[in-house]
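There are 2 protein chains.
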Amino acid sequence: MDSPSRVEIKSFFMNLQDNICKSLESLDGKGTFHEDLWERPEGGGGRSRVILGDKIEKGGVNFSAVEGHLPERISNALGLDPTDFFATGVSIVLHPHNPLVPIIHMNVRYFETSVGKYWFGGGIDVTPHYIVDEDAQFFHNYLKSTGDKHDPAYYPHHKKWADDYFYIPHRKETRGIGGIFFDRLEADETHTKQDRFDYVKDVGEAFVPIYTELMNRNNSKSYTDDHKSWQMHRRGRYVEFNLVWDKGTKFGLQTNGRIESILMSMPPMANWTYNHEIKSGSAEELTQSKLIKGIDWAL
Amino acid sequence: MDSPSRVEIKSFFMNLQDNICKSLESLDGKGTFHEDLWERPEGGGGRSRVILGDKIEKGGVNFSAVEGHLPERISNALGLDPTDFFATGVSIVLHPHNPLVPIIHMNVRYFETSVGKYWFGGGIDVTPHYIVDEDAQFFHNYLKSTGDKHDPAYYPHHKKWADDYFYIPHRKETRGIGGIFFDRLEADETHTKQDRFDYVKDVGEAFVPIYTELMNRNNSKSYTDDHKSWQMHRRGRYVEFNLVWDKGTKFGLQTNGRIESILMSMPPMANWTYNHEIKSGSAEELTQSKLIKGIDWAL
Numbered sequence: 001m002d003s004p005s006r007v008e009i010k011s012f013f014m015n016l017q018d019n020i021c022k023s024l025e026s027l028d029g030k031g032t033f034h035e036d037l038w039e040r041p042e043g044g045g046g047r048s049r050v051i052l053g054d055k056i057e058k059g060g061v062n063f064s065a066v067e068g069h070l071p072e073r074i075s076n077a078l079g080l081d082p083t084d085f086f087a088t089g090v091s092i093v094l095h096p097h098n099p100l101v102p103i104i105h106m107n108v109r110y111f112e113t114s115v116g117k118y119w120f121g122g123g124i125d126v127t128p129h130y131i132v133d134e135d136a137q138f139f140h141n142y143l144k145s146t147g148d149k150h151d152p153a154y155y156p157h158h159k160k161w162a163d164d165y166f167y168i169p170h171r172k173e174t175r176g177i178g179g180i181f182f183d184r185l186e187a188d189e190t191h192t193k194q195d196r197f198d199y200v201k202d203v204g205e206a207f208v209p210i211y212t213e214l215m216n217r218n219n220s221k222s223y224t225d226d227h228k229s230w231q232m233h234r235r236g237r238y239v240e241f242n243l244v245w246d247k248g249t250k251f252g253l254q255t256n257g258r259i260e261s262i263l264m265s266m267p268p269m270a271n272w273t274y275n276h277e278i279k280s281g282s283a284e285e286l287t288q289s290k291l292i293k294g295i296d297w298a299l
Numbered sequence: 001m002d003s004p005s006r007v008e009i010k011s012f013f014m015n016l017q018d019n020i021c022k023s024l025e026s027l028d029g030k031g032t033f034h035e036d037l038w039e040r041p042e043g044g045g046g047r048s049r050v051i052l053g054d055k056i057e058k059g060g061v062n063f064s065a066v067e068g069h070l071p072e073r074i075s076n077a078l079g080l081d082p083t084d085f086f087a088t089g090v091s092i093v094l095h096p097h098n099p100l101v102p103i104i105h106m107n108v109r110y111f112e113t114s115v116g117k118y119w120f121g122g123g124i125d126v127t128p129h130y131i132v133d134e135d136a137q138f139f140h141n142y143l144k145s146t147g148d149k150h151d152p153a154y155y156p157h158h159k160k161w162a163d164d165y166f167y168i169p170h171r172k173e174t175r176g177i178g179g180i181f182f183d184r185l186e187a188d189e190t191h192t193k194q195d196r197f198d199y200v201k202d203v204g205e206a207f208v209p210i211y212t213e214l215m216n217r218n219n220s221k222s223y224t225d226d227h228k229s230w231q232m233h234r235r236g237r238y239v240e241f242n243l244v245w246d247k248g249t250k251f252g253l254q255t256n257g258r259i260e261s262i263l264m265s266m267p268p269m270a271n272w273t274y275n276h277e278i279k280s281g282s283a284e285e286l287t288q289s290k291l292i293k294g295i296d297w298a299l
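In the order they appear, the protein sequences are chains A and B.
Take the first sequence: its position 278, counting from 1, is numbered 278 in the numbering used here, and each next residue is one higher.
Take the second sequence: its position 208, counting from 1, is numbered 208 in the numbering used here, and each next residue is one higher.
Rather than coming from a laboratory, the hints here were simulated on the basis of the structure.
Please note: incorrect hints may appear among the correct ones.
Claimed, not checked - The calculated PhoX-like cross-link candidates involving lysine-lysine, where the alpha carbons are at most 25 Å apart (straight line), are:
1. B:149 to B:160
2. A:250 to B:172
3. B:228 to A:228
4. A:247 to B:250
5. B:172 to B:290
6. A:247 to B:172
7. B:149 to A:250
8. A:172 to B:250
9. A:293 to A:250
10. B:228 to A:172
11. A:201 to A:247
Starting from the given sequences, assemble the full structure and let the hints guide the process.
Here it is in structure tokens:
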């Protein structure tokens, strides 16, 4: 198979996890990661790391590399012949204490079969409890320049993909301000496997500077009980997206994955208020009005 | 179609909702129900009632009667020819303040098509944060005698059905101590439609005496922060069951039902702790050990 090899990709992801955890401990200033090593009976395993910090209320940074025979149900769904597979990736969700700091999610992954198919997937998306236009612009501009370094078609394509993916149909709202999402990136006429990997590497490495900036811009702002209450409400929506609609979570829950690693993405606490009403003219109303697809945040 | 008619059944359910709401206000002693009337664009509507009380932290008692053309996807799934349908029912979930009082769920429903098919469904199940054997026995004995009045096969059959239905596969645990669950009860050689309805009526009317007893037995017990914390943890599991596995909730979310009525079942607040550990020898451990199928609570 073309280079880079699975060994090289896995090694990059392990280092990425290490570097991100170090940077997040430094950003948090107090919390440290607790690690659980786990093995998958059918092959492979992972390193789940969780931080309960001072700024990050609950954060999970998970690395895994698993392999084995692909269940037929899944190979069928992926349009593949029966095959062995190898899959590796890093997955992150951070829930901050301060409601004026957004939730962030990042994932980079690689999938390979014994019949010669492989692809990369991943993305970063941000879920502000309160949308700040300048922050959304900063975030999307960062993603745009990350993509543009590799292919000017990446950002517009993967930005739209994120809008469609991080959508809560039963609420008719997006989860947050989106970001980028992509899957099944393989070599084609204009991209080698190495080209794809280089993009994925840059996406993974964009995580720390992005979240550091969003944290530093907002964490020192003071907040009220009303802000906290809205944060708990928005976290409820985060739970609804993850448990009802997120393909990765559903896949994990239905295929006997390591439950605690899959559900590291859940907020530490969430609320559901019947018929939650938003005050006219409030900051909450402004945020709610921007939880829609198709906003061109990048300049 | 045989008697009872849809009009009679609907009327019984509306009265049942009224009576249950009155009794719950009296039981709570302080909270009163807030009602939202809603209409379904395709036909029918409902009365959603919510109480935020002194003993009942959040409770929903929903009545609905909807009709229209059955989407083909659903008629196929039900093994029916294309048809119009009528469906009515009462659905309840109560989340108490005191963690020593259980969560309770009840549903009774009737479904009818324009091609001559109809059936009843329903059930009651209880989710104690702390399982008390005597309470579980009282609850199951009550259900057993309710069933036995109609058919001695009902309780054992519908008890097993509840064990299987209220199960959280990804946690390998039951939601609580089960109860009864049944669906597609129609007339057969030994039961008329009226016989089935009489059973469903008794199930609906069992709700108030059951929950009154469970509340009165436990609500005056004092509780600690540890009890509350465990309650928040168990509520997280309740959310997981409802959003990931409950067929009724999934059906509602995917078919554009009234979201706030469907999600009235969500707890007011829930927690997720990574790798939650249970102390050896604790009351929490004892409860966890009984979250399994097949316990014969009835004497």
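Taking each numbered hint in turn, which are not upheld by the structure, reported in ascending numerical order? 7, 10
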